[in-house]
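Enquirer: Please construct the entire structure, taking both the sequences and the accompanying hints into account.
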Amino acid sequence: LLNEWMNTDILGSRDQGRRLRAWLAEHLRRGEPLTLDFQRVEVMTSAFADECFGKLWDAFDHDQIRRLIRLIGLRGNNLAIFRFVLSHR
2 LLNEWMNTDI LGSRDQGRRL RAWLAEHLRR GEPLTLDFQR VEVMTSAFAD
52 ECFGKLWDAF DHDQIRRLIR LIGLRGNNLA IFRFVLSHR
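Under my numbering, the first residue of the sequence shown is numbered 2, with each subsequent residue one higher.
Take the hints with a grain of salt, since some may be wrong.
[What the hints assert, rightly or not] Here are the simulated SDA-like cross-link-like pairs (lysine to any residue), alpha carbons at most 25 Å apart as the crow flies:
| hint | residue 1 | residue 2 |
| --- | --- | --- |
| 1 | LYS56 | LEU25 |
| 2 | LYS56 | LEU75 |
| 3 | LYS56 | PHE83 |
Derived by calculation from the structure, the hints in this document are not laboratory data.
Expert: Next up, the structure:
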């Protein structure tokens with residue numbers, strides 16, 4: 002669960018986004034698949050999503066990201082923010 006790895010159920014800061022992006026980028030460089038479970042994430046801000054997912058989207062091949070990173074449990078406002086950030090790239 003992502004909230005356990007991040008040690009919080011609020012993903013709000015760019016610093017948190019950078020930390021997760023670095024971890025995801027390392028997996029992408031190695032070609033290792035992973036699943037991020039957002040089930041217990043209460044809040045994800047656009048700052049976090051932009052810093053993590055937006056910048057990851059800018060830096061890596063989109064097909065590689067789609068193939069290797071699976072997101073589950075992303076719902077409601079968190080899903081809307083995720084979609085908004087990627088749609089404005």
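Enquirer: Now look at each hint and say whether the structure bears it out.
Expert: Verification of the supplied hints:
1. LYS56 x LEU25: 11 Å, holds
2. LYS56 x LEU75: Distance ~19 Å between LYS56 and LEU75 Cα, so the pair holds.
3. LYS56 x PHE83: 12 Å, holds
When each numbered hint is compared with the structure, no violation occurs for any of them.
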